[in-house]
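Number of protein chains: 4
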Amino acid sequence: MSVEQEFKQRAAELIEAGRFIHARGWVPATSGNFSARLSDGRIAITVSGRHKGDLRQDDIMLVDEAGHSLDGRRPSAETLLHTTLYRRFPQAGAVLHPHSPSATLLSKWFAGEVVLEDYELLKALEGIDTHTTRVVVPVFGNDQNIPRLALQVDEYMESHNDIFAYIIAGHGFYTWGSTVTDALRHVEALEFLFDLETRLHGAKPR
Amino acid sequence: MSVEQEFKQRAAELIEAGRFIHARGWVPATSGNFSARLSDGRIAITVSGRHKGDLRQDDIMLVDEAGHSLDGRRPSAETLLHTTLYRRFPQAGAVLHPHSPSATLLSKWFAGEVVLEDYELLKALEGIDTHTTRVVVPVFGNDQNIPRLALQVDEYMESHNDIFAYIIAGHGFYTWGSTVTDALRHVEALEFLFDLETRLHGAKPR
Amino acid sequence: MSVEQEFKQRAAELIEAGRFIHARGWVPATSGNFSARLSDGRIAITVSGRHKGDLRQDDIMLVDEAGHSLDGRRPSAETLLHTTLYRRFPQAGAVLHPHSPSATLLSKWFAGEVVLEDYELLKALEGIDTHTTRVVVPVFGNDQNIPRLALQVDEYMESHNDIFAYIIAGHGFYTWGSTVTDALRHVEALEFLFDLETRLHGAKPR
Amino acid sequence: MSVEQEFKQRAAELIEAGRFIHARGWVPATSGNFSARLSDGRIAITVSGRHKGDLRQDDIMLVDEAGHSLDGRRPSAETLLHTTLYRRFPQAGAVLHPHSPSATLLSKWFAGEVVLEDYELLKALEGIDTHTTRVVVPVFGNDQNIPRLALQVDEYMESHNDIFAYIIAGHGFYTWGSTVTDALRHVEALEFLFDLETRLHGAKPR
Numbered sequence: 001m002s003v004e005q006e007f008k009q010r011a012a013e014l015i016e017a018g019r020f021i022h023a024r025g026w027v028p029a030t031s032g033n034f035s036a037r038l039s040d041g042r043i044a045i046t047v048s049g050r051h052k053g054d055l056r057q058d059d060i061m062l063v064d065e066a067g068h069s070l071d072g073r074r075p076s077a078e079t080l081l082h083t084t085l086y087r088r089f090p091q092a093g094a095v096l097h098p099h100s101p102s103a104t105l106l107s108k109w110f111a112g113e114v115v116l117e118d119y120e121l122l123k124a125l126e127g128i129d130t131h132t133t134r135v136v137v138p139v140f141g142n143d144q145n146i147p148r149l150a151l152q153v154d155e156y157m158e159s160h161n162d163i164f165a166y167i168i169a170g171h172g173f174y175t176w177g178s179t180v181t182d183a184l185r186h187v188e189a190l191e192f193l194f195d196l197e198t199r200l201h202g203a204k205p206r
Numbered sequence: 207m208s209v210e211q212e213f214k215q216r217a218a219e220l221i222e223a224g225r226f227i228h229a230r231g232w233v234p235a236t237s238g239n240f241s242a243r244l245s246d247g248r249i250a251i252t253v254s255g256r257h258k259g260d261l262r263q264d265d266i267m268l269v270d271e272a273g274h275s276l277d278g279r280r281p282s283a284e285t286l287l288h289t290t291l292y293r294r295f296p297q298a299g300a301v302l303h304p305h306s307p308s309a310t311l312l313s314k315w316f317a318g319e320v321v322l323e324d325y326e327l328l329k330a331l332e333g334i335d336t337h338t339t340r341v342v343v344p345v346f347g348n349d350q351n352i353p354r355l356a357l358q359v360d361e362y363m364e365s366h367n368d369i370f371a372y373i374i375a376g377h378g379f380y381t382w383g384s385t386v387t388d389a390l391r392h393v394e395a396l397e398f399l400f401d402l403e404t405r406l407h408g409a410k411p412r
Numbered sequence: 413m414s415v416e417q418e419f420k421q422r423a424a425e426l427i428e429a430g431r432f433i434h435a436r437g438w439v440p441a442t443s444g445n446f447s448a449r450l451s452d453g454r455i456a457i458t459v460s461g462r463h464k465g466d467l468r469q470d471d472i473m474l475v476d477e478a479g480h481s482l483d484g485r486r487p488s489a490e491t492l493l494h495t496t497l498y499r500r501f502p503q504a505g506a507v508l509h510p511h512s513p514s515a516t517l518l519s520k521w522f523a524g525e526v527v528l529e530d531y532e533l534l535k536a537l538e539g540i541d542t543h544t545t546r547v548v549v550p551v552f553g554n555d556q557n558i559p560r561l562a563l564q565v566d567e568y569m570e571s572h573n574d575i576f577a578y579i580i581a582g583h584g585f586y587t588w589g590s591t592v593t594d595a596l597r598h599v600e601a602l603e604f605l606f607d608l609e610t611r612l613h614g615a616k617p618r
Numbered sequence: 619m620s621v622e623q624e625f626k627q628r629a630a631e632l633i634e635a636g637r638f639i640h641a642r643g644w645v646p647a648t649s650g651n652f653s654a655r656l657s658d659g660r661i662a663i664t665v666s667g668r669h670k671g672d673l674r675q676d677d678i679m680l681v682d683e684a685g686h687s688l689d690g691r692r693p694s695a696e697t698l699l700h701t702t703l704y705r706r707f708p709q710a711g712a713v714l715h716p717h718s719p720s721a722t723l724l725s726k727w728f729a730g731e732v733v734l735e736d737y738e739l740l741k742a743l744e745g746i747d748t749h750t751t752r753v754v755v756p757v758f759g760n761d762q763n764i765p766r767l768a769l770q771v772d773e774y775m776e777s778h779n780d781i782f783a784y785i786i787a788g789h790g791f792y793t794w795g796s797t798v799t800d801a802l803r804h805v806e807a808l809e810f811l812f813d814l815e816t817r818l819h820g821a822k823p824r
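Chains as they are written, first to last, in our numbering: chain A, 1 to 206; chain B, 207 to 412; chain C, 413 to 618; chain D, 619 to 824.
Please note: incorrect hints may appear among the correct ones.
Straight-line Cα separation of at most 25 Å, SDA-like style, residue types lysine to any residue; simulated pairs [claimed, not checked]:
#  : chain 1 : residue 1 : chain 2 : residue 2
1  : B       : Lys314    : B       : Arg405
2  : B       : Lys314    : C       : Phe522
3  : D       : Lys741    : C       : Arg560
4  : D       : Lys741    : C       : Asp555
5  : A       : Lys123    : D       : Gly643
6  : C       : Lys535    : B       : Lys329
7  : D       : Lys741    : C       : Leu612
8  : B       : Lys329    : A       : Glu4
9  : B       : Lys314    : C       : Thr545
10 : D       : Lys741    : C       : Gly539
11 : A       : Lys8      : D       : His669
12 : B       : Lys314    : C       : Leu612
13 : B       : Lys329    : A       : Lys8
14 : A       : Lys123    : D       : Gly759
15 : B       : Lys329    : A       : Phe20
16 : B       : Lys314    : A       : Trp109
17 : C       : Lys535    : B       : Val359
18 : A       : Lys123    : D       : His669
19 : C       : Lys535    : B       : Phe346
20 : A       : Lys123    : D       : Leu769
21 : A       : Lys108    : A       : Leu200
22 : A       : Lys123    : D       : Thr751
23 : C       : Lys520    : B       : Arg405
24 : A       : Lys123    : A       : Pro147
25 : A       : Lys108    : B       : Pro344
26 : B       : Lys329    : A       : Pro90
27 : D       : Lys726    : A       : Glu113
To list a few chain D residues with every Cβ distance to chain A over 12 Å, as calculated [claimed, not checked]:
#  : residue
28 : Glu631
29 : Arg692
30 : Thr797
Read the hints as simulated data drawn from the structure, not as lab findings. For glycine and all other residues, C-beta sits at the position ideal for the given N, C-alpha and C.
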C-alpha cells in the first residue's frame, strides 16, 4: 500500500471513529481530536475546530513527528499531546481524545487518579487478561499551555509506563492503541467503566 | 444569494438543527422554537405548535424585527424573546430554544443563576479561549406573559451584556450565535455542561 | 374515506408510534399496547404479545366497543382498560400505554398519585395553557384481574374527569388524545416530566 | 430445512441480536458472547474477540455439545458457560450474554443475589404470568477459570432450576430462551429491570 493510500485509509478510520464517538455523546460541539501514525512516521490528525461527528477527509491533515503542519493548515491545538504519546509508545498507531461526560465528571470528584478494579471489561485493554488487575488512570490538571501540559504528562509516564489512558480535569481523556480499532475499543471500554464509576459513587466523592 | 434563497437555506438549517436537537431528547412533544435572521433584518422562525423533530420548510415563517407575522400565520408564542435578543445582539444570526431536561432540572435547584466553571468545553462558546472562565447563566422565573418576560430578560442584559444563554425556570434555555451552526454548537456544549451539573449535584441542591 | 381505509391509516399511525416509543426504551420486550377508535365506534388495537417496536399491519386487530374480538384473534390482555377509557372520554380517538422506566420508578416511590407542577411542558397536554397548573396523575395498584382494575380506574374517573393519564404501579402509564398524534404528544411530554421527577427526587422519596 | 440452512438462519438471528444489544450500550468493546443450539445438538457461537455490534456470518462458528471447536477456530472463552446451560435446560435454544452496565453495577452493590419483585415486566420471562412473582437472579463471583465458574453455576442450578438468568460480578449477565427471539426478550426485560433497580437504590446499597 502506498503512503497516499495509507493516509486515505487511516483518515477513513478516523472519520468513522468520530461518527461512532459523537453518536454516543462523547465529543460534543467541536471538542475532541483524533490521530493515526503512518508507517513513515508522519501523523494524520484532525484539523483544529472541526465537528468530530461529521468529519470529511479534508478535515484530516498531516503533521511531522514534532507536530509541525506539513500542509500549511492548523492542526488541533492539542497536537503536542498526540506526538508526545507517539514518541513515548513506539507501538502506538492511533490516539483518540474524546471529551466524555463521565471522564469529566470523575475528574471533578477524584484528584490525582481514577482506579479501575474488578471489572471484566478491563480485558478490553491491550495485554490485560484478568479482571483482578488494578488499572490507574492519572488525572492531570487542565492547562491551556499545551507544551507545559505535554511535559507534565510525559514526565509522569517516565515512571509509569504501564498506563492505558489519562484524564485531563474538566476536559476528557486520552487513550491510544496499535490501530484505530484498538484505540476505539479502549475508548468504548473506558467510557463504559468511567460511566459505571460515576454511577457507583453518585454525588458523593469517596 | 437572493433573499428568497437565503430564506430557504436558513430554513433548511433550522430543520436540520431541529432533527439533531429532537433526536437527543431536548425538544420533547411540540416544545422549543428556533429562528434565524436574514440579511434584510427579517426573521425566519418556527410556526407555533409544530413538532421540532420533523419540521418542513412550510413550518418556518417570516416575521419583522418587531415579531409581527409577515404572512398571516401565527409565529411561535415566544417570538418576542427572539426579537429582543436580535435587537440586543446585532451580531446574532440565529436563536435556538431547546427545552432540555437538564436545564429544566437545574432551574428547580438553582434560583437566580447557574455557574459554569473550569470546563474545557466552555471554549465552545464564542470568544472564550480558556477553561478558567466563569460563565453565568441567569435563571428567570417562567411567565406566560411573554412581553413581560422579554422585558425582564432585556433589563437584565442591560447590565450583563456578556452572557451566552439564559434559562427560563421549568421551561428550557435560550442561546444564540452568529450562524445556526454557531448557535447549535452552543446548544450542544451547554446541554453537555448542564447535564454534568445535574449529575454533579445529584439530588442535593447546594 | 372508507372505514377500511380509516383502519389502515390508524394502523399505520400506531405502527409508527410503536417505533418511536420503542426506540426511546419505553416499551421494552413485548410490553405496552396501543389502540385507536374508528368513526364507526370499533377499535383498532394491538394483538396480544407482539413486540411494539416492530409492528406490522397484521399485528393490529379490531374489537367492538366492549372489547370483544371481531376477527377471532386475541387482543391485548388489557383491552378492557382501553374500552373503558373510550367510553369515559367520548372525544378520545387513541389510547397509548407505554411501559416506561420513569413511570415505573415513580410508582415505587409515590403511592396514590404523582403531582406535576410548574413545568412549561404541561402545556403539551390538551387544553392546558399555563405552567401554573397542578396536574395529578393517579397511581393504581397493579392487578392481573383486568376487569377489576378497569372498574377501579373508572370509579376514580367518576369523580376526577380532568385527568390526562394514570400510572399502574410497577407497570407503566396510560394516556389518550383526540388522535394518535395527540396521544403520542402526551406520551412524549409525560415521559419527559416523569423522568425529571425521578431525577429531582433521586433515590430519596419525599 | 437443512442443518446448513438452520445454521445460517440462527447466525443471522445472532447477528441481528448483536446489533440490537450493542446499539443500546450493553456489549461495549468486544465484550459479550451469543449462541444458538441447532436441532442436531451442535451449537452456533460467536468466535472469540469479535465486536458484537458488527458481526458477520463468518464470526459465528460451530462447537459440539462439550464446547469443542468443530472448525479449528477458537470459540468464545466462555463457551463452557453456554454448553453447561444447554445441558441443564433441554428446552433452551439460545443463550445471550450481554455485558450490561446495570447488571455490572448491581453486582457491585448486591453480593449473592438480585431480587426482582412486583414488576409487570416479569411477565416477559417465559412462563411467568403475574407481577406478584419473586424472581431471584444469583450473582456469582467473577473467575477467569471458566471450568471452575461453570461448575459453580451448575451446582447452584442443581438446587435452583427455576432461574431465568444469572449475573457474574463486574462482568454482565447470562440469560437463555427457547429461541433467539425469546432470549432477546429476556435480555431486554432484564436490562430494563436491572436499570430500574440501580435507579431505585441509587448510590446507596441496602
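Hints, one by one, checked against the model:
1. B:Lys314 <-> B:Arg405: The given pair, whose Cα atoms are some 14 Å apart, holds under the 25 Å limit.
2. B:Lys314 <-> C:Phe522: 19 Å, holds
3. D:Lys741 <-> C:Arg560: Between lysine 741 of chain D and arginine 560 of chain C the Cα gap is close to 19 Å, so the pair holds against 25 Å.
4. D:Lys741 <-> C:Asp555: Holds, at roughly 13 Å.
5. A:Lys123 <-> D:Gly643: 17 Å, holds
6. C:Lys535 <-> B:Lys329: 35 Å, violated
7. D:Lys741 <-> C:Leu612: Status violated; Cα separation ~30 Å.
8. B:Lys329 <-> A:Glu4: Judged against 25 Å, a Cα distance of about 34 Å means the pair is violated.
9. B:Lys314 <-> C:Thr545: 16 Å, holds
10. D:Lys741 <-> C:Gly539: Not OK: lysine 741 of chain D and glycine 539 of chain C at ~36 Å, beyond 25 Å, violated.
11. A:Lys8 <-> D:His669: 24 Å, holds
12. B:Lys314 <-> C:Leu612: 8 Å, holds
13. B:Lys329 <-> A:Lys8: 30 Å, violated
14. A:Lys123 <-> D:Gly759: Holds, at about 16 Å.
15. B:Lys329 <-> A:Phe20: It holds: about 23 Å lies between the C-alpha atoms, which stays within 25 Å.
16. B:Lys314 <-> A:Trp109: Holds. Lysine 314 of chain B to tryptophan 109 of chain A sits at ~23 Å (cutoff 25 Å).
17. C:Lys535 <-> B:Val359: Between lysine 535 of chain C and valine 359 of chain B the Cα gap is close to 22 Å, so the pair holds against 25 Å.
18. A:Lys123 <-> D:His669: Holds. Lysine 123 of chain A to histidine 669 of chain D sits at ~14 Å (cutoff 25 Å).
19. C:Lys535 <-> B:Phe346: 19 Å, holds
20. A:Lys123 <-> D:Leu769: 23 Å, holds
21. A:Lys108 <-> A:Leu200: 15 Å, holds
22. A:Lys123 <-> D:Thr751: Not OK: lysine 123 of chain A and threonine 751 of chain D at ~37 Å, beyond 25 Å, violated.
23. C:Lys520 <-> B:Arg405: Holds, because 22 Å separates the two Cα atoms, which is no more than 25 Å.
24. A:Lys123 <-> A:Pro147: The hint is violated at about 33 Å.
25. A:Lys108 <-> B:Pro344: Answer holds: lysine 108 of chain A to proline 344 of chain B is near 23 Å, not above 25 Å.
26. B:Lys329 <-> A:Pro90: With Cα atoms ~32 Å apart, lysine 329 of chain B and proline 90 of chain A exceed 25 Å; violated.
27. D:Lys726 <-> A:Glu113: 20 Å, holds
28. Glu631: 24 Å, holds
29. Arg692: 14 Å, holds
30. Thr797: 27 Å, holds
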